[in-house]
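S.K.: Here are the chains, one letter per residue:
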Amino acid sequence: MFKKFDKEDITGSTQLKSSVQKGIRNKLVEQFIDLDKVIEEILPKKENFKVIKGRDHLELITAADGTVLFIKHRDYPYFPTLKLLHQYPFILPHQQVDKGAIKFVLNGSHIMCPGLTSPGAKLDETIEKGAIVAIMAEGKEHALAIGSMTMSAADVKSINTGIGVDNLHYLNDGLWNLPKQA
Amino acid sequence: MLLPHSNRPRNLIQKSKTARKYRSTFCCLPLLSAYIFFIISSPIALIMNTEIEYPLTVRYCSVCTMPLEYCEYSDNKACQKQLANCKQEYKALPTVQLLTSSYKLKLDPYAAKRKQARKTPEGKNAKNDHNNVKNCITRNDKVKEATHVLGLEAFGVDLKEACKVFTKKFGTRCNVVRETGELFIHGNFVCQMFDLIPEKFSNISIRDIVDKGVRDVASDSDEE
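Quick mapping for you: the protein sequence lines, in order, are chains L and S.
Under full-length UniProt numbering, the very last position in the first sequence is 182; numbers go up by exactly one each time.
Under full-length UniProt numbering, the very last position in the second sequence is 224; numbers go up by exactly one each time.
It is worth saying that the hints were derived from the structure and are not from the lab.
Among these hints, one or two may not hold up.
[As the list claims (entries may be wrong)] Simulated crosslink set (DSSO-like; lysine-lysine; CA at most 27 Å straight-line): (1) LYS142(S) <-> LYS168(S); (2) LYS72(L) <-> LYS83(L); (3) LYS168(S) <-> LYS140(L); (4) LYS140(L) <-> LYS83(L); (5) LYS212(S) <-> LYS99(L); (6) LYS83(L) <-> LYS77(S); (7) LYS22(L) <-> LYS4(L); (8) LYS4(L) <-> LYS180(L); (9) LYS200(S) <-> LYS122(L); (10) LYS7(L) <-> LYS180(L); (11) LYS212(S) <-> LYS140(L); (12) LYS77(S) <-> LYS3(L); (13) LYS53(L) <-> LYS122(L); (14) LYS37(L) <-> LYS83(L); (15) LYS168(S) <-> LYS104(S); (16) LYS77(S) <-> LYS103(L); (17) LYS157(L) <-> LYS140(L); (18) LYS4(L) <-> LYS77(S); (19) LYS27(L) <-> LYS17(L); (20) LYS99(L) <-> LYS200(S); (21) LYS37(L) <-> LYS157(L); (22) LYS83(L) <-> LYS45(L); (23) LYS103(L) <-> LYS212(S); (24) LYS144(S) <-> LYS99(L); (25) LYS99(L) <-> LYS4(L); (26) LYS53(L) <-> LYS7(L); (27) LYS83(L) <-> LYS180(L); (28) LYS22(L) <-> LYS72(L).
Take these sequences, add in the hints, and give me the full structure.
M.R.: Here it is, written out as structure tokens:
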């Protein structure tokens, strides 16, 4: 999604009402695992966070100092940036791809089912369609990308062809290299 | 048509028992070792670990801005030079390494003469014997190749069992070198190893095997 994304794609930033901010915070806590324990460090209640609007129905939630934290797109639920995920790896469920897929994922390609079912890959079978997952790489400690399941994990295992996970945000893409929006 | 078990010929029954025995030992071994391997090298916990302090600090490469372990996938050449620093923190995945070496047979001038003495009856011409001994010596001056297999222990493979597998398959002698944990096989079987090792040891895939080329070891071995 963020293959070509830079400053020019940003159309404006808005300050939100505190009631709206509260609503967003609750939604995030609801969606991610164990986020409520660390939400105070990420989005403190007393500080107002900004929303930056981008082209193509894109909203970036940034902290007061300008670091992008969460992304909201029209077609997908909220998902965190990779930098945030590296700091708090437990907020998303993990799917592991094998070594051979790393090169392609880093080019922005979507994750095919064989990449999740081959030896060296780990598939978490409890995950449903449309869920946001962290994509880990075989033999690596940190997340490689963030994606959204196009079919449930059980389907990935049985059908084993076609796209399994949509690649939303990966290392060294446009969003990763975006500077702080003060 | 399946004969009932008691009516089957005896040699078939025995074969199935031994096959079952080897299958069970081989099945348990890779599973157990793979399990242990994953436990030891498991990544950051999926669930929030109360003992770890969050946020975690991640070291990013100054050149490619990715976490250090991904430096090898960056296109930047300067970044790949930094890989040496990265590897100290992130150990490379274990691999099975194959090396070949060549060695000369030790010259044993008396062996040939002993052979000759056995064949010819006593009292034959001494001159003839000497000539034959010379020929035998030059014929023994052969350079033979050997294969070294390193790194099997990291996959939990029992070296003695592996040795038996190789001797059975290739029909040549195979030794275990205990100090380095490597297998020394007489003969060059590097190509066959790529097919044989994944076939016999299920937790090693063909991507884990690396051919490291020729090792410069001048070793003398006894004549077989």
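S.K.: All hints are to be evaluated individually against the structure, with a verdict given for each.
M.R.: Going down the list of hints, with the structure as the test:
no.	hint	result
1	LYS142(S) <-> LYS168(S)	24 Å, holds
2	LYS72(L) <-> LYS83(L)	16 Å, holds
3	LYS168(S) <-> LYS140(L)	38 Å, violated
4	LYS140(L) <-> LYS83(L)	16 Å, holds
5	LYS212(S) <-> LYS99(L)	21 Å, holds
6	LYS83(L) <-> LYS77(S)	24 Å, holds
7	LYS22(L) <-> LYS4(L)	32 Å, violated
8	LYS4(L) <-> LYS180(L)	17 Å, holds
9	LYS200(S) <-> LYS122(L)	23 Å, holds
10	LYS7(L) <-> LYS180(L)	10 Å, holds
11	LYS212(S) <-> LYS140(L)	24 Å, holds
12	LYS77(S) <-> LYS3(L)	22 Å, holds
13	LYS53(L) <-> LYS122(L)	36 Å, violated
14	LYS37(L) <-> LYS83(L)	18 Å, holds
15	LYS168(S) <-> LYS104(S)	24 Å, holds
16	LYS77(S) <-> LYS103(L)	16 Å, holds
17	LYS157(L) <-> LYS140(L)	23 Å, holds
18	LYS4(L) <-> LYS77(S)	23 Å, holds
19	LYS27(L) <-> LYS17(L)	16 Å, holds
20	LYS99(L) <-> LYS200(S)	23 Å, holds
21	LYS37(L) <-> LYS157(L)	33 Å, violated
22	LYS83(L) <-> LYS45(L)	21 Å, holds
23	LYS103(L) <-> LYS212(S)	24 Å, holds
24	LYS144(S) <-> LYS99(L)	37 Å, violated
25	LYS99(L) <-> LYS4(L)	25 Å, holds
26	LYS53(L) <-> LYS7(L)	11 Å, holds
27	LYS83(L) <-> LYS180(L)	12 Å, holds
28	LYS22(L) <-> LYS72(L)	16 Å, holds
Hints 3, 7, 13, 21 and 24, counting from the list given before, are not met by this structure.
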